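Chemist: With the hints as constraints, model all of the structure from the sequences given.
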Amino acid sequence: MELIKLYPRWINSVSVDHFVGGQFSLLQVLKLSLLHQSVLTDLFGVDKLNHGIEINWILWSYEFELTYKLRLLTSYSLISSYWLWPSANWFEREIWEMFGITFQGHPDLRRLLTDYGFRSYPLLKSYPLNGYFQVSYSEKHKRVVSSSVFLVQEFRRFKFNSPWLA
Amino acid sequence: MARLKSFTMNFGPQHPAAHGVLRLILELDGEIVVRADPHIGLLHRGTEKLLEHKSYLQGLPYFDRLDYVSMMAYEHVYSLAVEELFSFQITEQTSIIRTIFLEITRLLNHLMAVTTHALDVGALTPFLWAFEEREKMMEFYERVSGARMHSAYIRPGINLQLDHQLLVDLQLFVEQFPFRLQEIEEMLTSNRIWRQRLADVGVVDFEQSLELGFSGPMLRGGGFAWDLRLIKNYEYYPYVQFDIPLGTNGDCYDRYLIRVEEMRQSCFIIQQLLEKITLSSSVNPLHMEELISDFRYYSGGNYSYPQNESVYLSVEAPKGELGVYLAGLTNRPERLHLRAPGFVHLSSLDQMAADHMIADVVTIIGTQDIVFGEIDR
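Just so you know, the protein sequences line up as chains A and B, in that order.
Per my numbering, the first sequence starts with residue 188, numbered consecutively.
Per my numbering, the second sequence starts with residue 1443, numbered consecutively.
It should be emphasised that the hints constitute simulated quantities derived from the structure, not laboratory data.
Note that this is a predicted model, so its numbers are computed, not measured.
One should not assume that every hint holds.
[Unchecked claim] Below, a list of computed lysine-lysine pairs in the PhoX-like style, where the Cα atoms sit at most 20 Å apart:
(1) 1491(B) / 235(A)
(2) 1496(B) / 312(A)
(3) 1674(B) / 256(A)
[To be verified] Partner residues aside, some chain B positions facing chain A, computed with beta carbon under 10 Å:
(4) 1476
(5) 1491
(6) 1752
(7) 1769
(8) 1776
(9) 1779
(10) 1781
(11) 1788
(12) 1818
Yeah, the Cβ is synthetic: ideal placement off N, Cα and C, and Gly gets one too.
Modeler: What follows is the structure, given as structure tokens:
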């Protein structure tokens, strides 16, 4: 932090990788040390398969014109950063919906992008691209019904890296 | 005395002022909004998931369809991310052409934003004028790429070419555009109804906009000079001069003025770029053997493999800060995440619309300049 204050022009991004424990306290320290001009611009998850879900925080410090990139591997639950930066609200809802990571203390953890009543976590690698269900309007029932997905042609997945080398 | 209970109203998803498919649950106390709960995702296509199954070049056209009023801004940020991932270099000419089209895209977006906002508030005429101008700009899109809107023109690592006549026509366009803008302004800026509907509505001060994660014109409305075109120094922006308009009150009227002034600045930028550009001869392959290897290179899903494991970068899209995270070590992305500016802005609707009249909700949605392609992804 001292280094940044000394050389604000020369450092434009700081990344903290895979820190252990105390996720909330680190964010809290950052929030305090960045004074009032900080903003949480982005928060997203990446499925790292056996290693768990990697959660990335992207923070802007307007004072020093630099970005903080924090990442953390988790597989279960985190403390919500909503109380530090309210802009985390929808980002955390999206992560919960897409990866199943819960955020403790989030005021309103509901589904955001998927359909009402949707149940799986679609951005996990284990979730198939086609999904499990499709919906259509049923003339008989006079409502939208869901059925298991049926495609005439399978999604063509090219296993080789290049058609010319295969 | 009977206590009045607030009642709940459904705004959208088919309301024309909802700018697409926004279902907004409004809790009302009389005509005053107590709580606004946006339900989004009606246009969710799972772009991020789909892109994990496409090669880097195949993924590009999806980006046109995210924010369908500023198409090239999205193509560009994806191209930048892929270039950083692969450590590609582009020529200066390509960089200038990209910057020209990025500014055209900014004009396209802001024209749409300002005039549909006016349409929501009740002024139809500027909308019709703006669409004539938009049509001219889409013609430029068409002349370089063959498509009016979903152009797939800016591509990762590919050098761009223009013909000379297009530059001449661009110059003509940029010269006449400020007059069209003035006509639109004459209808709105000092219009009594327009001012009454916009001034002191949806006020977000600087502190609040930081908390809510605002960017772009929404942040500058609060008077904070923050433009990633200046801070990040990407493409040709370090070599052109332009001003950043700032607001003082942080209300809808300020943001309208900012967008109009940004259009003027965009014209100014394009004019400077037109002076700087020197067209080199074609870089397209001329011999059959070159053509074959060229085709193999582009259709084969990239021969070279990414140099970096993951990149995160952000640019100043017309709507605000547009970030992209791209990770992958093979010929397709392992994970792609988009930070859509509209997503963050819409999430603040509850705070912005609280204690406003129900008619002001329309104004606030308009000033946020939301497009559901990017929000729902």
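Chemist: State for each hint whether it applies.
Modeler: Evaluation of the provided hints:
Annotation: proposed proximity of residue 1491(B) to residue 235(A) holds, straight-line Cα distance about 14 Å (limit 20 Å). Distance check on the hinted pair: residue 1496(B) and residue 312(A) sit about 15 Å apart at the alpha-carbon level, within 20 Å; holds. Under the criterion of a C-alpha separation no larger than 20 Å, the hint pairing residue 1674(B) with residue 256(A) is consistent with the structure, at around 16 Å. At its closest, the beta carbon of residue 1476(B) sits 16 Å from a beta carbon of chain A; the interface hint therefore is violated under the 10 Å criterion.
Hint status for residue 1491(B): holds, given a least beta-carbon distance of 6 Å to chain A, under 10 Å. Interface restraint check: residue 1752(B) against chain A, minimum CB-CB distance 8 Å, threshold 10 Å, status holds. Interface hint status for residue 1769(B): upheld, as the beta-carbon distance to the closest one in chain A is roughly 6 Å, under 10 Å. At a threshold of 10 Å, the smallest CB-CB gap from residue 1776(B) to chain A is about 8 Å, leaving the interface hint in force.
At a threshold of 10 Å, the smallest CB-CB gap from residue 1779(B) to chain A is about 4 Å, leaving the interface hint in force. The criterion of a C-beta within 10 Å of any C-beta in chain A is met by residue 1781(B), whose closest approach is roughly 4 Å, and the hint holds. Interface restraint check for residue 1788(B): the shortest CB-CB distance to chain A comes to about 8 Å, inside 10 Å, so the restraint holds. Below 10 Å, beta-carbon pairs count as interface contacts, and residue 1818(B) has one with chain A at about 6 Å; its hint therefore holds.
Violation of the numbered hints given earlier is confined to hint 4; every other hint is satisfied by the structure.
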